[in-house]
Amino acid sequence: MALAFILSPLLVIGAGALLLMLAEAFGPKHNRTAGLALGCTIVFGAGFAFSVGAWLYGVEDVAEKELIVPWLVIDRFSIFFDGLLCLGGAIAALLAGGYLREHEMERGEFYSLLLFSTVGAMMVASAGDALIVFLGLETMSLGAYALTAFRRTSPRSAEGALKYFLLGSFAAALLLYGFALLYGATGHTDLAGIGEAVRAGGPHKTMIIVALVLVLTGLVFKVSAVPFHMWAPDAYEGAPTPATTYMAAVVKAGAFAMLLRVMLTCFTEKGLMSWSAGWPPVLAWIAVLTMTVANLVAGQQESVKRMLAYSSIAHAGYLLVGVVAAARSMPEATSSVLFYLLTYTVSTAGAFGALILCGRKGAEAVTYEDLAGIGRRHPAAALAFSLFLVSLAGIPPTAGFFGKWFVFRAAMDSGFYLLTIIAFVNSVIGAYYYLRVLVFMYMREPAAGAPVATPMKSGYVAAALILSAVLVLILGIVPSQSLDVAIKAASIFGPPGG
Amino acid sequence: MIGTYLPMFLMIAVAIILALLFFTGATFLGGKLDKTPEKMKPFECGSESSGGNHLKLSVKFYLTAILFVVFDIEAVFIYPWAVQFKNLGWIGLASMFGFLAVVVVALVYVVKKGALEWEN
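Chains A and B, in that order, give the protein sequences.
Note that the first sequence covers residues 5 to 502 in my numbering.
Note that the second sequence covers residues 1032 to 1151 in my numbering.
What the hints contain is simulated information worked out from the structure, not anything from laboratory work.
Keep in mind the model is a prediction, meaning the values are calculated, not measured.
Yeah, the Cβ is synthetic: ideal placement off N, Cα and C, and Gly gets one too.
Treat the hints with care, since some could be wrong.
Facing chain A, according to a computed beta carbon distance under 10 angstroms, are these residues of chain B, among others [said to hold, decoys possible]:
{"id": "1", "residue": "1066"}
{"id": "2", "residue": "1091"}
{"id": "3", "residue": "1122"}
{"id": "4", "residue": "1130"}
{"id": "5", "residue": "1132"}
{"id": "6", "residue": "1133"}
{"id": "7", "residue": "1136"}
{"id": "8", "residue": "1137"}
{"id": "9", "residue": "1139"}
{"id": "10", "residue": "1142"}
Chain A extracted, bound-state conformation:
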């Protein structure tokens, strides 16, 4: 029973997805989608509640969890991600409830796909075996591909989905090839076994390094870091905005769970972790490139949605700084990455939600110009948008400030001074394009004759925004409790070299 309880977040979301699928098929003919958004949100909420329950119950003393080792490893880390993924999913589901109806593309598949894809993300977060990592990754990605293509009549949506699908499959193939080589070199498919064999050393040093390169490429691709970010802006822009929210929040969190778990379990051998001949400097370069390129390009965008897509890439860069630091001070820096993911999830989901709120059918808010004057005409929508953007920019007293603070401090403590300075300069550059939205909302008026954006009215979207806003403020004003949770979740990774 205890096993079922600590697995419950995964089981609840899985069962909920099946139920919702049937509910849609058996629902009343004239209104098939009635209540699906609410149902989906409830399932995500239940998943979150069960994660909290499993967290409070504790996983350390559950002996039965050895039954599913090494396929699934249920620990504090995976339960933390269960909760985080459910939270992101719930916000995306609420946004979908308002958005899909407004834009007349409400079809029930959307909600089932959200849930199924989240099951994949949760599998990735708790995977203890390379095969399960791959299985979860594919489950997560297939859902995301379909969600990207959900605007059936839009060529942009199809283009984004096709790019995402092709490049995503390619990355998955690289990852799989890397795992295959690791299996060849070590004789293990379970991550812990691979890690041990790699630490023990052996005759297959070259093969392991080739595998490391392939695995790292696949993982970095999934978190959309430069130079493997090409798919992200098109997929994010083409997808319906709730799906974009889902990708930016849940899929990205799942990818980072995978990155942390695989790198900090498999490749912890001293040489591979060293600054002279290991993966940390590679990842540091990728982080620098990601932050700089994404921030510079984001500043040039005319579409706010595309700007937020690049912003999401830039945040992957800040997160990678934390992952690099984790190579030197594992539990501390990992906890900062986890906390950052939490703050980033609520801020970015809120920002996309506010963008949804500022548009109507046929008049979606796309460019900066579309947002002109919103501040005067619709103060509530503008205020919410401002809050999330300020949080993304990392200005106190919002969640984003503490997210950045802890990651940068972890990097400093690990001795990565130059990297921290680059990250800091980048977050200052980032503030420019976030604040530009504020300038348009509060200080500009729409040009004469230009269509005026009228915010939609939707209880769902309002609920999602209120939820995100409350969390942004809580994490920004009293971060200590959530930070404790993140520290506890990260404690499963021992000190480096251990």
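Put chain B on the given structure of chain A with help from the hints.
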């Protein structure tokens, strides 16, 4: 390590050399290709070719193929389970029932959604 893979590399080399040999041989020894319109037509078992090459196919074919894959995979999983039935015991039985339940839900969904109705 090279020794283990040597036969494989040899085979790849032989395959490439043979293919090149045939192509060059055909170019130099064979007669000149007579490019009459008749010869440039696609060969369709000897009958007259008809229609363009951008043929529109009903999406139903695709749907049927995808559904076939789903239930084909199901069979692939059931066979090894059946062979090892006694060894896997109750946990195996329970897992397989869980798996089948999910597939049955999919089947119910497919039927209810009308994906198996060929007409209309």
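For each hint, the structure was consulted:
Below 10 angstroms, beta-carbon pairs count as interface contacts, and residue 1066 (chain B) has none with chain A, the closest being about 37 angstroms; its hint is therefore violated. For residue 1091 (chain B), the interface hint is violated, since its Cβ never comes within 10 angstroms of a Cβ in chain A; the closest pair sits about 17 angstroms apart. Interface restraint check for residue 1122 (chain B): the shortest CB-CB distance to chain A comes to about 9 angstroms, inside 10 angstroms, so the restraint holds. Hint on residue 1130 (chain B) is violated. Least Cβ distance to chain A is approximately 12 angstroms, over the 10 angstroms limit.
With its C-beta approaching chain A no nearer than about 9 angstroms, residue 1132 (chain B) sits inside the 10 angstroms limit, and its interface hint holds. Because the closest C-beta pair between residue 1133 (chain B) and chain A is about 7 angstroms apart, less than 10 angstroms, the hint holds. At a threshold of 10 angstroms, the smallest CB-CB gap from residue 1136 (chain B) to chain A is about 5 angstroms, leaving the interface hint in force. Using the Cβ-Cβ criterion of 10 angstroms, the hint placing residue 1137 (chain B) at the interface with chain A is satisfied: the shortest such distance is roughly 8 angstroms.
Because the closest C-beta pair between residue 1139 (chain B) and chain A is about 7 angstroms apart, less than 10 angstroms, the hint holds. Nearest Cβ of chain A to the Cβ of residue 1142 (chain B): about 9 angstroms, under the 10 angstroms cut. The hint holds.
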